[in-house]
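Please build the complex by placing chain B on the supplied structure of chain A, with the hints as guidance.
Protein sequence lines, in the order shown, are assigned to chains A and B. In terms of the working numbering, the numbers along the first sequence are unbroken and rise by one, the last being 113. In terms of the working numbering, the numbers along the second sequence are unbroken and rise by one, the last being 1115.
A hint or two may mislead.
Partial pick of chain A residues on the chain B-facing surface, computed with a CB cut under 10 Å [said to hold, decoys possible]:
(1) A29
(2) N31
(3) Y36
(4) P44
(5) L46
(6) P82
(7) S85
(8) F89
(9) Y97
(10) N100
(11) V102
(12) F103
Mimicking BS3-like on lysine-lysine, the simulated pairs with C-alpha atoms at most 27 Å apart in a straight line are [as the list claims (entries may be wrong)]:
(13) B:K1013 <-> A:K42
(14) A:K37 <-> A:K71
(15) A:K22 <-> B:K1013
Calculated from the structure, these hints are not laboratory results. Bear in mind that the values here come from a model prediction, so they are computed numbers and not experimental data. Quick reminder that beta carbons are idealized off the backbone N, C-alpha and C, glycines included.
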Amino acid sequence: GENVEQHPSTLSVQEGDSAVIKCTYSDSASNYFPWYKQELGKGPQLIIDIRSNVGEKKDQRIAVTLNKTAKHFSLHITETQPEDSAVYFCAASRDNYGQNFVFGPGTRLSVLP
Amino acid sequence: KAGVTQTPRYLIKTRGQQVTLSCSPISGHRSVSWYQQTPGQGLQFLFEYFSETQRNKGNFPGRFSGRQFSNSRSEMNVSTLELGDSALYLCASSPRAGGKNTEAFFGQGTRLTVV
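Chain A extracted, bound-state conformation:
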């Protein structure tokens, strides 16, 4: 089955700097890759997603890149703000398996003011 690895497990950046989180997946048939942000005491919140027919997607300060050949995808956050501090999860899934997301172990991002 699918296996998703995520690095780093913790990341501290200064406010205004960029943050990059990387994930690799094992199932070459996976074709939908969402990223979630989870704040303390809350459920995960979708921040951006990408399908396998697209190499990059951007939404304001957040971007995701996908390399299908290498089976890895990355989350880029620019101009980080203290409110970006949270745990971030990547996930992978394939359409014919339904909404069965395999999540990475998470990255705890701390943005220092």
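Frame of chain A; chain B shown alone:
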């Protein structure tokens, strides 16, 4: 548009008991998935329901079950609770149109503690 609602938010049960958790998806969403979140195992898929049918199931014992009603609301049940079942149980709602995976919106979860 109201988000995903999970009830109750917190639950304390004794080993051996059974528990039922409820999830109301976003209006119009027909897919409801359940996940277990623990510090050691992270987020793990339990099962997905679509139009009242279980479409997929994760690697959990048969003590974990669920169902979906005609209004898309879903319940999950855990029987014969074990200490290791203590976790945050999350429900995710998706439109899942056209046979393609789509964005999933999570509720705040039910925190289950088994003592």
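Discussion item. Name the hints, by number, that the structure is in violation of.
Written reply: Hint check: 1, 6, 7, 15 fail, others pass.
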